[in-house]
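Colleague: Sequence:
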Amino acid sequence: MALDTIPLWLPLLLVLPLLLLMKKKMDERSSKNLPPSPPKLPIIGNLHQLGVLPHQSMWQLSKKYGSVMLLQLSGITTVIISSADAAREVLKVHDLACCSRPPLACSKVFSYNYRDMAFSPYGDYWREIRKICVLELFSVKRVQSYQFIREEEVALFVDSISHSASSATPIDLSEKLFALIASITFRIGFGKSFRGSGLDNERFQAVVHEVMSMIGSYNASEFLPFMGWIIDTLSGRFKRLERVFHELDTLFQQVIDLHLDPERTKPEHEDIIDVLLRIEREQAKSGDTARFTKQNIKAILLNIFLGGIDTGAITMIWAMAELAKNPGLMKKAQDEVRSFIGNKGKVTESDTGHLHYLKMIVKETFRLHPPGTLLLPRETMSHFKINGYDIYPKMLVQVNAWAIGRDPKYWENPEEFIPERFMDNSIDYKGQNFELLTFGSGRRGCPGIYMATTTIELALANLLYCFNWKLPDGMKEEDINMEEAAGLSLTTSKKTALNLVPTALF
Numbered sequence: 138m139a140l141d142t143i144p145l146w147l148p149l150l151l152v153l154p155l156l157l158l159m160k161k162k163m164d165e166r167s168s169k170n171l172p173p174s175p176p177k178l179p180i181i182g183n184l185h186q187l188g189v190l191p192h193q194s195m196w197q198l199s200k201k202y203g204s205v206m207l208l209q210l211s212g213i214t215t216v217i218i219s220s221a222d223a224a225r226e227v228l229k230v231h232d233l234a235c236c237s238r239p240p241l242a243c244s245k246v247f248s249y250n251y252r253d254m255a256f257s258p259y260g261d262y263w264r265e266i267r268k269i270c271v272l273e274l275f276s277v278k279r280v281q282s283y284q285f286i287r288e289e290e291v292a293l294f295v296d297s298i299s300h301s302a303s304s305a306t307p308i309d310l311s312e313k314l315f316a317l318i319a320s321i322t323f324r325i326g327f328g329k330s331f332r333g334s335g336l337d338n339e340r341f342q343a344v345v346h347e348v349m350s351m352i353g354s355y356n357a358s359e360f361l362p363f364m365g366w367i368i369d370t371l372s373g374r375f376k377r378l379e380r381v382f383h384e385l386d387t388l389f390q391q392v393i394d395l396h397l398d399p400e401r402t403k404p405e406h407e408d409i410i411d412v413l414l415r416i417e418r419e420q421a422k423s424g425d426t427a428r429f430t431k432q433n434i435k436a437i438l439l440n441i442f443l444g445g446i447d448t449g450a451i452t453m454i455w456a457m458a459e460l461a462k463n464p465g466l467m468k469k470a471q472d473e474v475r476s477f478i479g480n481k482g483k484v485t486e487s488d489t490g491h492l493h494y495l496k497m498i499v500k501e502t503f504r505l506h507p508p509g510t511l512l513l514p515r516e517t518m519s520h521f522k523i524n525g526y527d528i529y530p531k532m533l534v535q536v537n538a539w540a541i542g543r544d545p546k547y548w549e550n551p552e553e554f555i556p557e558r559f560m561d562n563s564i565d566y567k568g569q570n571f572e573l574l575t576f577g578s579g580r581r582g583c584p585g586i587y588m589a590t591t592t593i594e595l596a597l598a599n600l601l602y603c604f605n606w607k608l609p610d611g612m613k614e615e616d617i618n619m620e621e622a623a624g625l626s627l628t629t630s631k632k633t634a635l636n637l638v639p640t641a642l643f
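In our numbering, each number is its position in the sequence shown, counted from 1, plus 137.
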């Protein structure tokens, strides 16, 4: 049939179903009052608008599109929350509707199912593990029982700095603080120190950092269901994931086996594995068919190490960087702790409750430099509204804690480090004040708040008490690099190491 003999209505008939489908999609969208969204590209959506520091990119976009904003990250519909008011709606008013977790796409390649448990969706299993964490692992009484570990490790940490202080040479304070927190967490978790254990502290830290990076970054298979799996496989991402998790799993199994050795001397204080093994035995005796297992123990250990090491060290690094950049604040903090402690020679945990300016410094560090700039994503389970916008099931919700901490609506001069802003200010980081969401809030709030802050305050107080600090020769306060490290991770650290020169006070 010649082209000039084709009826004019035939092409229209062929295109009509496509036009009707497009109209149906537009009608569906118009009937939903979805949050505002930046223009997106086919397939990748808004991915191209996220820079090397996603929380900052989201913050800039929120200035134009609002504190409740929709991003289409390829196939993942994500709601970004950038204000305390909207965060209150998510984390308090509609907490139950969006307290689940999205499944880990990378878990399909794992042969160890405890990784799924570590990041479990909301349900009976999660509620049981949460109860164990709150009542057994991170209760005030349990945390206080580890006081001797924290104080011993901080004393060793101070001694290691004293050796450098005698020669007035710069030290990499970032490296030392990561090592300190790793040592404390290792002893609390496993009941033994790195020293004499045959384990490599540096390698252990490296594995933890790598796991944090892998979990915090995205898999191609999460965004491109049909070809992403091939991309992740060919790029070696899945192989790398399997390697680092297997390395942690092997370590966990070794330490569990040591705790099960019948010839092991019973410790005076239970470590975390002792507690978890006791729970396993008790549930086995009760005949509970859904009882606690070794896999559950590994899942909890994974969460403890991922949530405890980076966050504590990062907070102290930022705090010391800000104090080094502001010598007047450093002196004020040192005067407080030295006036209270006197010639005692060290700060103990019973002292930190009296160091009010130190606590303001910690709060201000949490505000300006939250270690987790984006709270872990939540998956919605039912329809609800935020600020009048419709939020539907299976959407992801991410709260930008970094943006909220810089919102001029809640904070005067938000870009400046001003600990005094917390003087006579009731705002705290325990989950009830949505202007400061360092540890999250609601059902998914971090249960380890007391453990974390106790460790941070003790270490910082001793750094300020025992040493004077100055910058390396030729360096000025304005030369301190306060940029954040680029890349996707669960935490956001300082881009460059913090090098300072200590001078021992005693």
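Please note that a few of the clues may not be correct.
[Said to hold, decoys possible] In silico DSS-like cross-links for lysine-lysine, where the CA-CA straight-line distance does not exceed 27 angstroms: (1) Lys229 - Lys169; (2) Lys468 - Lys483; (3) Lys229 - Lys200; (4) Lys329 - Lys376; (5) Lys268 - Lys376; (6) Lys169 - Lys200; (7) Lys169 - Lys278; (8) Lys313 - Lys376; (9) Lys500 - Lys483; (10) Lys500 - Lys376; (11) Lys468 - Lys268; (12) Lys278 - Lys469; (13) Lys469 - Lys481; (14) Lys483 - Lys329; (15) Lys468 - Lys422; (16) Lys169 - Lys607; (17) Lys177 - Lys201; (18) Lys177 - Lys522; (19) Lys496 - Lys278.
Derived from the structure by calculation, the hints contain no laboratory data.
Everything numeric in this text was worked out from a predicted model, so none of it was measured.
Colleague: Each hint needs a verdict: does it hold in this structure or not?
Modeller: Hints, verified against the model:
1. Straight-line distance between C-alpha atoms of Lys229 and Lys169 comes to about 24 angstroms, which keeps the hinted pair within the 27 angstroms bound.
2. Proximity of Lys468 to Lys483 is assessed by CA-CA distance (about 18 angstroms); at most 27 angstroms being required, the pair is judged to hold.
3. Restraint check: the Cα-Cα separation between Lys229 and Lys200 comes to about 24 angstroms, which is no more than 27 angstroms; the hinted pair holds.
4. This hinted pair does not check out: Lys329 and Lys376 have alpha carbons roughly 31 angstroms apart, beyond 27 angstroms.
5. At most 27 angstroms may separate the alpha-carbon atoms for a hinted pair to count; Lys268 and Lys376 exceed this at roughly 34 angstroms.
6. For the proposed pair Lys169 and Lys200, the alpha carbon gap of about 23 angstroms is at most 27 angstroms, so the pair holds.
7. Distance check on the hinted pair: Lys169 and Lys278 sit about 49 angstroms apart at the alpha-carbon level, beyond 27 angstroms; violated.
8. Pair hint Lys313 plus Lys376 does not hold up; C-alpha atoms about 31 angstroms apart against a cutoff of 27 angstroms.
9. For the proposed pair Lys500 and Lys483, the alpha carbon gap of about 23 angstroms is at most 27 angstroms, so the pair holds.
10. With a C-alpha separation of about 40 angstroms, the suggested pairing of Lys500 with Lys376 is violated against the 27 angstroms cut-off.
11. This hinted pair does not check out: Lys468 and Lys268 have alpha carbons roughly 42 angstroms apart, beyond 27 angstroms.
12. Of the pairs offered as hints, the one joining Lys278 and Lys469 is violated, with about 32 angstroms between alpha carbons and a cut-off of 27 angstroms exceeded.
13. For the given pair, Lys469 sits about 19 angstroms from Lys481 by alpha-carbon distance, which is consistent with the 27 angstroms threshold.
14. Distance restraint check for Lys483 and Lys329: the Cα-Cα separation of roughly 24 angstroms lies within the 27 angstroms cut-off, and the hinted pair is therefore satisfied.
15. Restraint check for Lys468 and Lys422: not satisfied, since their Cα atoms lie roughly 57 angstroms apart, outside the 27 angstroms limit.
16. Under the criterion of a C-alpha separation no larger than 27 angstroms, the hint pairing Lys169 with Lys607 is inconsistent with the structure, at around 58 angstroms.
17. Distance hint between Lys177 and Lys201 is fulfilled; the C-alpha atoms sit about 15 angstroms from each other, no more than 27 angstroms.
18. Pair hint Lys177 plus Lys522 holds up; C-alpha atoms about 23 angstroms apart against a cutoff of 27 angstroms.
19. Taking the CA atoms of Lys496 and Lys278, the gap is about 21 angstroms. The hint holds against a cut of 27 angstroms.
In the structure shown, a violation is registered for the earlier hints numbered 4, 5, 7, 8, 10, 11, 12, 15 and 16, in ascending order.
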